[in-house]
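Participant: Residues 0 to 79 (numbering that gives the first Met the number 0) are what the sequence shown spells out, left to right.
If you're looking for bench data, these hints aren't it; they were derived computationally from the structure.
Glycine included, C-beta positions come from ideal geometry on N, C-alpha and C.
Among the hints, a few may not be true.
Label pairs and their in silico Cβ distance ranges [said to hold, decoys possible]:
1. W16 - Y68: 49 to 57 Å
2. T77 - Q51: 15 to 23 Å
3. A27 - L72: 53 to 61 Å
4. S71 - M11: 26 to 34 Å
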Amino acid sequence: MSIGGKAASDSMWWQRWKGVVEDEVRVAVRTGMDAVERGTKLEDLVADCNEQPAQFATPWVKVHGRTMYEWSLYLRSTQD
């Protein structure tokens, strides 16, 4: 292989690698943005629920197996 051929080959490899990395970064950024959005929505829902005085009057009401109090404890533990 000539020197010019190696340079062209390296350039092609670089372009492919750059494309793969850019795609992975886009996916990671999108995933992070989605997680932040979901977290914000969840935070709003929990704030709404904390403002409801009946949350302690109905401990049998559960969402995904947890009461509102259990959810608030869980969310506080994940923020540390």
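Participant: Now tell me if each hint is right for this structure.
Facilitator: Each hint tested on the structure:
1. For the hinted restraint 49 to 57 Å between W16 and Y68, the CB-CB distance of approximately 50 Å keeps it satisfied.
2. A C-beta distance of roughly 22 Å is found between T77 and Q51, which places it inside the suggested range of 15 to 23 Å.
3. Our hint of 53 to 61 Å for A27 and L72 is violated, since their Cβ atoms are close to 30 Å apart.
4. For S71 and M11, the Cβ-Cβ distance of about 55 Å falls outside the hinted range of 26 to 34 Å, so the restraint is violated.
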